[in-house]
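I would like the entire structure built from these sequences, with the hints used as guidance.
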Amino acid sequence: MQSTQSSFENLRNDFPILKRTVRDNKPLVYLDNASTTQKPNQVIDSITDFYRNHNANIHRAVYALAEEATEAYEATRDKIAKFVNIKNRQEIIFVRGTTEAINLVAYAWGRPHIKEGDIIVTTEYEHHSNIVPWQLLTQEKHAKLEYIGMGDNGELILDDLDKYLATGKVKLVTFSLMSNVLGTITDAKKIIEKCKAADVLTLIDGAQAVPHMTVDIESLGCDFFAFSGHKMLGPTGIGVLWVRKSVLETMVPFHGGGDMIREVHKYETTWNDLPYKFEAGTPNIADVVGFGAAIDYLTKIGMDNVRDHEIELTKYAIEKLSAVKGIHIYGTKDLSKRGGVISFNFADVHPHDVAQIVDEEGIAVRSGHHCAQVLMERLNVAATSRASFYIYNTKKEVDLLVNSLNKVAKVFKL
Amino acid sequence: MQSTQSSFENLRNDFPILKRTVRDNKPLVYLDNASTTQKPNQVIDSITDFYRNHNANIHRAVYALAEEATEAYEATRDKIAKFVNIKNRQEIIFVRGTTEAINLVAYAWGRPHIKEGDIIVTTEYEHHSNIVPWQLLTQEKHAKLEYIGMGDNGELILDDLDKYLATGKVKLVTFSLMSNVLGTITDAKKIIEKCKAADVLTLIDGAQAVPHMTVDIESLGCDFFAFSGHKMLGPTGIGVLWVRKSVLETMVPFHGGGDMIREVHKYETTWNDLPYKFEAGTPNIADVVGFGAAIDYLTKIGMDNVRDHEIELTKYAIEKLSAVKGIHIYGTKDLSKRGGVISFNFADVHPHDVAQIVDEEGIAVRSGHHCAQVLMERLNVAATSRASFYIYNTKKEVDLLVNSLNKVAKVFKL
Amino acid sequence: MTGNADIYHEIIIDYSRNPANFGKIENHDVTFHDSNPLCGDSIDIDMKIDDNKVTDIKFHGNGCAICMACTSVLTEITKGKSLDDVRKIEKHDILSELGLEHLQAVRIKCALLSLKVLKSALYTYLADHMDDSQGVDKLKEEASSLY
Amino acid sequence: MTGNADIYHEIIIDYSRNPANFGKIENHDVTFHDSNPLCGDSIDIDMKIDDNKVTDIKFHGNGCAICMACTSVLTEITKGKSLDDVRKIEKHDILSELGLEHLQAVRIKCALLSLKVLKSALYTYLADHMDDSQGVDKLKEEASSLY
Ligand SMILES: Cc1ncc(COP(=O)(O)O)c(C=O)c1O
Ligand SMILES: Cc1ncc(COP(=O)(O)O)c(C=O)c1O
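Protein chains in written order, with the numbering used here: chain P, 1 to 414; chain U, 1 to 414; chain X, 1 to 147; chain S, 1 to 147.
It is worth saying that the hints were derived from the structure and are not from the lab.
Just so we're clear, the structure is a prediction, and the values are computed from it rather than from any experiment.
Do not take every clue at face value.
Unchecked claim - Only pairs whose alpha carbons sit at most 30 Å apart, straight line, appear in this in silico DSSO-like list of lysine-lysine:
no., chain 1, residue 1, chain 2, residue 2
1, U, Lys144, U, Lys245
2, P, Lys171, U, Lys141
3, S, Lys24, S, Lys79
4, U, Lys87, X, Lys88
Structure, rendered in C-alpha cells:
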C-alpha cells in the first residue's frame, strides 16, 4: 500500500463504526485511540468466523474442531513473533493486556528475585499499570521504587538513571516506549545500553509504541516487553507478554490451573513447557484469533506507513491547535521524538468540560489524568484533554476538532 | 419455552457451527460441552454489534461511545446478579475465567490470611484450577492442603471434612459444585452448614454447575463463587468471581494498574471502590457484553428446563452406553445427583484412540485426564473418554456416538 | 441520547469561576477528602459544627465546572442547617437546583462527589460524637452507595 | 483435513497390546521419565550403556496405541546402536516405520513422547560422562524442541 492520505482515507470503509452518527446526528470523529482503537471488518469477521465454524477448546482434544482451534490460536503466536521480531515463539505469553503482563512479571519474576533494599526504577511518565504493580512489590519486599524524572521538553532525564544505577542496587528498569499522555518516544536503546552495562534487566511497556511504529524486540535488547491487542485494531481482552527465555526460566508460576501443568499429584505438581507454564486455564481463544487478523491488517499497511501517516496528522494538528488562543500543548514538538498523542489544556476550562462540549459535536476526546497521575503532578495540572490518532483519522477531523473548540470558547466566554 | 425435546431441537438453528461437517463430510456431533460450549447467533451478533456500533474504553471518558460501552458492560453485571441471585452488584468481579477467579482468591485473600500450620481443604474430584493455586499458596505459607475423599459411588466422603474441621485449623474449604469428570453434584448445603458452624469460609467452583442448573448463590451461603462464560454459551476470555462483601473488604489488591486506583502518588496509592479495586486495566469489554447475551439466552430457556433436558439425555445415554459390551461408566447412576457429563472407558482401548476413531465419524468427545489427575489417580486410570451434553444435543446424537463405538470395537478387535 | 450542551448555562459557568464557600476553615470540627478515581476530581470539605448545627462550611480542591458548581450549591444549602437536616439532603436537591437532572452517568459522579464527601464528613463527625453506631453505619452505607 | 482412521492398522494395534521391550532394567546406567501434559501419557525409559553402546533398553508407562507402538519401535531401533547413532535418530525414523507421517499435531506428541524421553536420557547420561558441555546443551535444546 502507498502511504498517501487518500489510501488511508480508503481504509475508513473497513471500519463500520466510522459510519455512525452520535448525539444530534453528528458524524463520529473518534480521537481517543490511545485508549482503545476501533476494529476493521477483517478483525470482527475473524472472530465471527471462529465462533461460527471452528470454536473448541484448545491443546487438549483430538477431534477436528479442537485441531482447527488450536492451529488458529497458535498461528497468532507466530504472527506476533514476526510482527515485533521475536526469535523464539516459546517466549510469547498471551495475557489480557499490558496491565496483566506487567503484573505477571511483578509476581512471577519480581517476588522470587526482589529482596530488601533492592531498587526498581520507573519513570515519571508511566501509566499506572507500570507504577502500581511495582509499588505493591517493593512495599511487600521492603525494596524501593525510584523515578527517572522528566524534563520540561517531555523527555526523560537519563542522568537520574545513572545516579540510581551507580548504587549497584537496581534490579529492574521499566519504562514506556511511548508516553500515553505526551506521545514522547523514549530513547530505549540508550537506557538498555546503560542497564546492560550494569547487568540490570529492562522491561518495556509497549502499549502505545507497538500500534504506531515498527518495533523490533530482538534489536532493542530488553528482557521483558508488554503490549495490548485492543490498542492496535484487535479485540479487547488480549495482550502479549514477551520474556527473554533465559529470564523466563527463572520465573515461578503465576496462575495455577489447567494447561500450565505437566503432572498434578495431591501434594506436588510439575510444570508444563514454555510458554504454557504461564497460560493457565482456558485462554481467550477467539480474541487471540481476532488479534491475529489485526496483525495481518497492520502488516499489510506497513508500520512505517502508519508512522508516516500519524506524523503528518500530528504536525497538522499541532499547527492548527497552536493557532487557537488559550490552547497549551504539552510535550515536545519535535515530530521525530513523538507519536500521535496530543495533550492540551484550554485556558481555565476544565478538560471534562472541554470533552463534554466537543462531544456534542460528535468529537470523542479523552479528558482526565489518563491513568498517569504521577505525570499530572509533575506537570502540575489535575487533568488534560487528549486527542490521539490512528490510521483512519484525517486532517478534516482535525479541523472539526478545532472548530468544536471554538464552541468551548463561546460557552466559557474565553 | 416449553421443555420438550422438539423445542430444544429448534434451538439448534441458533447455532451456526452445528450445520458444519467435519472430516469426511460427517455432520458434527459436538459432545465436549464440559470443556467449552458452542455459541448461538445471539451471542456472536452481540459482540459484532458492540464492535460495529459502540466500541470504546469504559468508565473514564465522557463522550457518547464511552457512555454506551460503559452501560453495556455494567448491564452484564446486573444480569449476572439476577441470574445466580447475588444481592449486591459490587461483589461481582469480572475475570478471564474460573481459573483466574480462583487464583485471584489465592493471592488477594489467601496471602494475607493463610499462616503457617493453617489447613485448606479441597476434594479429590477437583479440576486442577481448584488444586494447583492452593498447592502454591500452602507451600509458600507452610500451610497444609488436605483432600475430602471420594467414595466409589462418585460422591464425597463428608466424614473426611468433619475430621479436618475438628483440628480447628481449617481456614477455607473449596469444592466444585459439579465434577467435570463424573458429573457428581456436590452436597454444597451440607458442606457449607458444617463450615459455618466451624466459622470456616467456603469457595465454590461453579464452572460446571452454573451452565447446567439453577444456582442461587444467596441461598447457598458460601463466601466465594467462581464460574466461566465460555462454558455457558458465552465468549472465551470472560468469567466471574463473586465474593461476599464482608470478605471482599479484607482482601488486598491483586493486579495494580488503571481503573483499580483512587489516587496514585509516587510512593503511595489508594484504591477504588468495589468491585473496581479488583478490575485493573482495560477489561475484556466486548466479551462481557457477549456474556450478557448468553445469560439472556439461557434465561429465556429457563435453567430448570435446561436441567430437565440434560437429565433426559443423560438417562438415555447411560442406558445405551451400558448396553455396549466392554463399556465401563464412572460415577453415580442416580440422575438426581449428577449432571450431563459421562466418563467411560472401553475395554483395554486407550481413550485417545477411542476419541480419534469416533472423530472420524464426526463425533467430538474428550479423552485424557480432563485436568483432574488427582481424580484419575483415585479412579486408578490414566485417562477416560468423556461425553458431555448441552441444550442443543439430541438422542439421535447419542445413537451416533454409540454407533461409532462399534467401529472402535471393530478396529481394536474387541 | 439527549443533548447535554445546555447544561453549561450561565450559573454553572459563574460558579465554576467563582465558587461559593471556597477555602479552608482552620479550626474546623471535621474535614473529609475524597476524589473521583476515574477523572481525578478531588474535593475537601471543612465544617464548623456548634450545637448540632453547621455554622460554617468551606471546600477546596479541583474539579470541572459541574463539580465546582454543585459543590458551591451544596455548601450553600448546608450552611446553617441542623445535622439532622444535612442528613436529609439528597442528590435531587443539588441536581434540580442547577437543572442537571438529566446528566449522563459519568458526569453524575462529578456532580455528586461533594455530596459524598459531605455525607462522609458527617459520618466521621457523628462516629466521634454519638453512641448510636447503627445510625452511623447507615450513614456510611448511604455515602458509599450515592453513585 | 484428511482422514486419520487408517493409522490404526494391524501393527499399531499389535504393538499397543504387546509392546516391545516393555519393562524395567534394574541396574540401568540411565533412566528418564516424562509425560505429556495435555493427555497424561507417561513414559519411563531405562538403558544399559556399555562402551558407548546401548546394550539394553526397556520402557514402562502408560499411553495410547500410537504412543505404545512408537515407543516399541524406538526401543527396537535404539537397541545395539552407538550413542552417536542414537543421537542421530529423528522423528521421521519412527513415524515412517509406522506409516504415521501425516499424524495431526496433537497426536504427534503421543508419537514422539518416547523420542523426547530417549534424547533426554541420553543428555542426562552424557552430561555425567563427558566434558563437552556445548554438545550436551545442544542435545538438551534438541530434546525440548522436538514438538
Ligand atoms: C470444574 C471446573 N473448574 C474449573 C475449570 C476451569 O475453567 P476455565 O478454563 O474457564 O478457567 C473447569 C473447566 O475446564 C472446570 O470444569
Ligand atoms: C502506556 C500504557 N501502558 C499500559 C496501558 C494499559 O493497557 P491495558 O489497559 O490494555 O492493560 C496503557 C493503556 O491504557 C498505556 O497507554
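Results for each hint:
no. : hint                   : in the structure
1   : U:Lys144 with U:Lys245 : holds, 26 Å
2   : P:Lys171 with U:Lys141 : holds, 25 Å
3   : S:Lys24 with S:Lys79   : holds, 14 Å
4   : U:Lys87 with X:Lys88   : holds, 25 Å
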